[in-house]
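**Q** Residue 1 is where the sequence shown starts when you use UniProt numbering, and the numbers rise one by one after that.
The hints are all genuine.
The calculated lysine-lysine pairs, modelled on DSBU-like cross-linking and capped at a C-alpha distance of 35 Å, are:
1) Lys-34 - Lys-6
2) Lys-106 - Lys-150
3) Lys-18 - Lys-147
4) Lys-106 - Lys-195
5) Lys-139 - Lys-18
6) Lys-34 - Lys-147
7) Lys-142 - Lys-103
8) Lys-175 - Lys-142
9) Lys-175 - Lys-139
10) Lys-142 - Lys-6
11) Lys-18 - Lys-170
12) Lys-175 - Lys-18
13) Lys-34 - Lys-106
14) Lys-103 - Lys-150
15) Lys-221 - Lys-103
16) Lys-170 - Lys-139
17) Lys-142 - Lys-34
18) Lys-175 - Lys-147
19) Lys-150 - Lys-221
20) Lys-175 - Lys-221
21) Lys-142 - Lys-170
22) Lys-175 - Lys-103
For the record, the hints were derived by calculation from the structure and aren't laboratory data.
Fair warning: this is a prediction, and the values are worked out from it, not measured in the lab.
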Amino acid sequence: MSLSVKIRFFGSLCDLTKGRHLFEFVPGVNQTIKDCIERLGVPHTEVSFITLNGSFVDFSRVVCDGETYFVYPESDLPIEDVYLVSPRFVGEPRFVLDIHLGKLAKLLRIFGIYAEYGILDDDEIVARGVSMGYVILTKDRKLLMRKEIKYGYVVRSDDPYEQFDEVYRKYNLGKWASPFSRCLVCNGEILEVDKRVVEGRVPIRVFELNERFGVCSSCGKIYWPGTHYEHMEAFVSRYLPRRVLDPF
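The whole structure should be built from the sequences, with the hints applied where relevant.
**A** Structure, rendered in structure tokens:
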């Protein structure tokens, strides 16, 4: 007679199961609950805690016939860290994004959030995230199923602004925002410079019309508060309406 187990997902985890909450299926021999959860398309990085008959279990639990597991995302519930199967991210978040999230990377940089982008190789993305303690942002849920990954999030939406909203809310980015402080090209720090430093390096009319300029400390790209700044300012103000914004 075949084994049969049930898994009940809650909250945002159902985004990854096409809205379906309850699954009943036949697991493999000696299969762990982690294997079962990821088999259903939910990476371990998305799971905060798991219960069985009202008790907490970890990812190493081997499932048994007739069991029903409740699987939860991160929430505001006062769960002690010892019961969490994935650690809470604490502190200022830094991100490494897969190659499909270029527009999201730019929006994060507008907010002054550290966002590495441009790495083509998945192994390198994983290595960077693991070695530096960065959060891996991706549309590829299988990428986050690699056991060595500690912090990661599957971006749900295909729209860059909705993607930003997801990440902003999940990681409380308003607390860490420093708008217009990062280069949109390379993620480096933008530093305000004396106007004379950029003379001959920007169009004459731009130089004449603007008194303030910033230069990326990494790639040397020059910034000034033109019409592009007004569009970015409007975007930032949607999230930080009380913040007095400065271009540098």
